[in-house]
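J.: In this note's numbering, the protein residues as written are 1 to 578.
It is possible that part of the hints are untrue.
Computed cross-link-like contacts, DMTMM-like style, restricted to lysine to aspartate or glutamate with a CA-CA straight-line distance of at most 20 Å [stated by the list, open to error]:
| # | residue 1 | residue 2 |
| --- | --- | --- |
| 1 | Lys363 | Glu379 |
| 2 | Lys387 | Glu349 |
| 3 | Lys277 | Asp293 |
| 4 | Lys382 | Glu351 |
| 5 | Lys388 | Glu418 |
| 6 | Lys363 | Glu380 |
| 7 | Lys425 | Glu351 |
| 8 | Lys370 | Asp431 |
| 9 | Lys415 | Glu379 |
Simulated restraints, written as ranges between beta carbons of each label pair [what the hints assert, rightly or not]:
| # | residue 1 | residue 2 | range |
| --- | --- | --- | --- |
| 10 | Glu43 | Ala500 | 44 to 50 Å |
| 11 | Ala500 | Leu533 | 15 to 21 Å |
| 12 | Gln461 | Glu436 | 46 to 52 Å |
| 13 | Ala98 | Glu30 | 32 to 38 Å |
| 14 | Met354 | Gln461 | 31 to 37 Å |
Worth flagging that the hints you see were computed from the coordinates, not collected in a lab. Backbone N, C-alpha and C fix where the C-beta goes; we use that ideal spot for every residue, glycine too.
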Amino acid sequence: MTGKMALGRPRGSDTQSVMSMNSIRTVDREKLRDKARQLQMKENLRLTLCARIQQTLKKSPKVAEELAGEIMRQQQQRGLGYDISDSELSALVNGMIARRQEQKLLASTRLAEPEHPLAAVPPLGPKEKTSGRRSSSSSKDRSGRRASKPKSGGGKPTARAPTVTGSLAEEESVYLTQSQLQQLSTGFRLPPKVSPKKDKDNGIWEEIVKFSSVEEQAEAERKKEAREQARRALSTKLDEQVRTRQQQLEAEHRAASEYYLQSMERLKLQEEEERRKEEERLNRAKQLTKIQDEQRRIKAQQLERERQIKKAQEQKTAEALQRQMEEDRERERKRKEAEKNRIMRVLHENEEDMLRKQQLKDKEREMDLKLAEDYIKMEERKEAMRKKQLEDMANSVKARMKFFGDTAKAEMDAKAKEDEERVRKYQEEYDRQQAEIDRKKREDALRSSLSQQEYLRLQIQEKKEREAALKRDLNKQAELWKQERQDAERRERFMKQQLAHRNRSQQEMLLQQIREKESRSLEADQTLLEVQLNAKLLEKIHKQVGNGASVVSETQNRSREVSNFSVLALQFMNYVTS
1 MTGKMALGRP RGSDTQSVMS MNSIRTVDRE KLRDKARQLQ MKENLRLTLC
51 ARIQQTLKKS PKVAEELAGE IMRQQQQRGL GYDISDSELS ALVNGMIARR
101 QEQKLLASTR LAEPEHPLAA VPPLGPKEKT SGRRSSSSSK DRSGRRASKP
151 KSGGGKPTAR APTVTGSLAE EESVYLTQSQ LQQLSTGFRL PPKVSPKKDK
201 DNGIWEEIVK FSSVEEQAEA ERKKEAREQA RRALSTKLDE QVRTRQQQLE
251 AEHRAASEYY LQSMERLKLQ EEEERRKEEE RLNRAKQLTK IQDEQRRIKA
301 QQLERERQIK KAQEQKTAEA LQRQMEEDRE RERKRKEAEK NRIMRVLHEN
351 EEDMLRKQQL KDKEREMDLK LAEDYIKMEE RKEAMRKKQL EDMANSVKAR
401 MKFFGDTAKA EMDAKAKEDE ERVRKYQEEY DRQQAEIDRK KREDALRSSL
451 SQQEYLRLQI QEKKEREAAL KRDLNKQAEL WKQERQDAER RERFMKQQLA
501 HRNRSQQEML LQQIREKESR SLEADQTLLE VQLNAKLLEK IHKQVGNGAS
551 VVSETQNRSR EVSNFSVLAL QFMNYVTS
């Protein structure tokens with residue numbers, strides 16, 4: 001069972017690997033399709049630009065293809081689109097053609113210069129290329145050859161100068177720095193630096209350098225002789241070509257003179273024919289001008305009639321509009337007047353209603369006062385009547401007591417109590433009505449006060465809500481400004497950290513280069529085993545050449561100058577960083 005499971009596991013992994021490979025192939029196919037589609041689009045765009053250049057600027061197909069490819073490369077480098085107008089296309093093409101002409105003119109001018117700076121660069125021997133050192137004797141020999149170089153053709157530029165100059169520049173470029181090459185390309189060259197001699201014991205490589213310098217001088221002499229022979233052979237060949245070319249030019253000049261005479265005869269005949277055709281064309285043009293003048297006159301008359309008709313129609317339309325506007329203004333005035341009358345009538349009615357209500361209120365107040373006075377008078381009359389009645393009753397009781405005794409007195413007391421009860425009920429009803437009126441007035445006043453308080457509360461609440469919303473907006477804006485300021489400070493700190501890190505890395509790299517150069521300069525030229533192996537060779541070189549410590553000292557001084565320049569560059573970087 002375990003073996004089956006173990007055998008089954010690779011199958012699952014194989015399936016997964018196959019699926020992953022299929023997915024990778026699908027992705028690769030999609031990428032290839034996208035790339036092919038992009039290339040097809042670029043090719044279509046290039047053909048479109050080529051066709052536009054041929055149509056608008058009348059260029060040949062080959063030149064149009066070159067210009068289209070250069071325009072696409074230029075737009076892609078600038079990060080611009082390819083949808084340019086005809087004027088922009090013309091400007092780009094004209095600029096490219098102008099730059100090409102300037103480059104051709106500059107190249108021809110450089111070829112025509114007899115004393116080109118690169119021509120003065122002497123060739124180097126194979127020993128110099130392998131050893132990497134330059135002897136003083138070889139430099140003197142090169143300077144002597146540079147001063148004694150003849151000018152072929154009486155100082156006139158020939159076709160040999162670019163070839164010799166190119167070979168010399170290629171040989172010299174091995175020992176030239178980038179700045180020196182730039183100086184040579186612009187025609188400017190500083191004199192060689194003479195560094196102070198450093199007092200140091202003769203190196204182990206001194207004898208080898210002396211021997212190499214002698215061999216280099218001999219090799220340089222051989223090369224110089226070979227170049228002189230090649231130059232003489234080339235000069236002879238070029239003179240023969242010049243004579244052949246002069247003969248061809250003379251033959252072409254004679255043929256051109258004959259062709260010129262024939263062309264002048266044909267031109268005279270063509271001019272006569274053109275003159276006759278021009279007269280016929282002028283006559284036709286005059287007739288056509290007359291016809292056109294007549295047509296313009298008829299058209300002008302027709303336009304004048306149409307203008308008069310249009311003017312009359314516009315005048316009628318303006319009058320109709322004026323009448324309509326006056327009618328609209330009159331209707332508006334009447335409507336406003338009717339509205340004003342209605343408003344005045346409503347105001348009068350409101351005033352009458354208010355006056356009537358006031359009169360009703362006054363009448364009600366007078367009625368209440370009258371009722372109160374009547375009630376008071378009635379109460380006074382009742383009181384007087386009651387007192388009189390009581391007196392009468394008292395008198396009657398006193399009178400009847402004599403006859404009826406206690407029975408009559410009880411009846412009179414009951415009747416008096418009924419009268420008092422009736423008066424008390426009437427007084428309670430009146431007090432109740434007055435209390436109800438007062439309660440309604442208090443409720444109305446309370447309701448009005450509560451509504452006013454609710455309205456004021458709503459206004460205060462709305463004001464507080466507006467102030468809270470404004471405060472929230474201000475706080476939100478302040479938070480946004482604070483966040484933006486923090487982001488800006490964070491970005492600034494990050495940029496400063498990156499700049500400091502980049503400066504530190506450059507400083508460390510320069511220090512490492514300086515330390516490596518110093519360690520290389522302090523290392524021994526040869527090991528003890530190499531000295532033992534080269535002892536016989538060094539003795540032989542010492543006998544043949546003699547003292548050649550100048551090359552070693554010059555090389556060491558140059559190395560010291562490079563080290564000093566590196567230290568100065570490091571100090572400048574530290575100053576820029578600080």
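J.: All the hints need checking, so say for each whether the structure fits it.
T.: To see whether the hints hold, each was checked on the structure:
Under the criterion of a C-alpha separation no larger than 20 Å, the hint pairing Lys363 with Glu379 is inconsistent with the structure, at around 23 Å. This hinted pair does not check out: Lys387 and Glu349 have alpha carbons roughly 55 Å apart, beyond 20 Å. Between Lys277 and Asp293, the direct Cα distance comes to roughly 24 Å. Violation of the 20 Å bound is thereby established for this hinted pair. Of the supplied pair hints, the one linking Lys382 and Glu351 is violated, its CA atoms being roughly 45 Å apart against a limit of 20 Å.
With a C-alpha separation of about 16 Å, the suggested pair Lys388 and Glu418 falls inside the 20 Å cut-off, and the hint holds. Between Lys363 and Glu380 the alpha-carbon distance is near 25 Å, which puts this suggested pair outside the 20 Å criterion. As the CA atoms of Lys425 and Glu351 are separated by approximately 43 Å, the hinted pair breaks the 20 Å bound. The suggested pairing of Lys370 with Asp431 holds, with an alpha-carbon distance near 16 Å, which does not exceed 20 Å.
Our distance criterion of 20 Å between C-alpha atoms is met by Lys415 and Glu379, whose separation comes to about 18 Å. As the Cβ distance of Glu43 to Ala500 is approximately 48 Å, the hint placing it in 44 to 50 Å holds. A hinted range of 15 to 21 Å is violated for the C-beta pair Ala500 and Leu533, which are about 52 Å apart. For Gln461 and Glu436, the Cβ-Cβ distance of about 36 Å falls outside the hinted range of 46 to 52 Å, so the restraint is violated.
For Ala98 and Glu30, the hinted distance range of 32 to 38 Å is not satisfied, since their beta carbons lie about 44 Å from each other. Checked against the hint of 31 to 37 Å, the pair Met354 and Gln461 passes, with Cβ atoms roughly 35 Å apart.
The structure fails hints 1, 2, 3, 4, 6, 7, 11, 12 and 13 (numbered hints given earlier, in ascending order).
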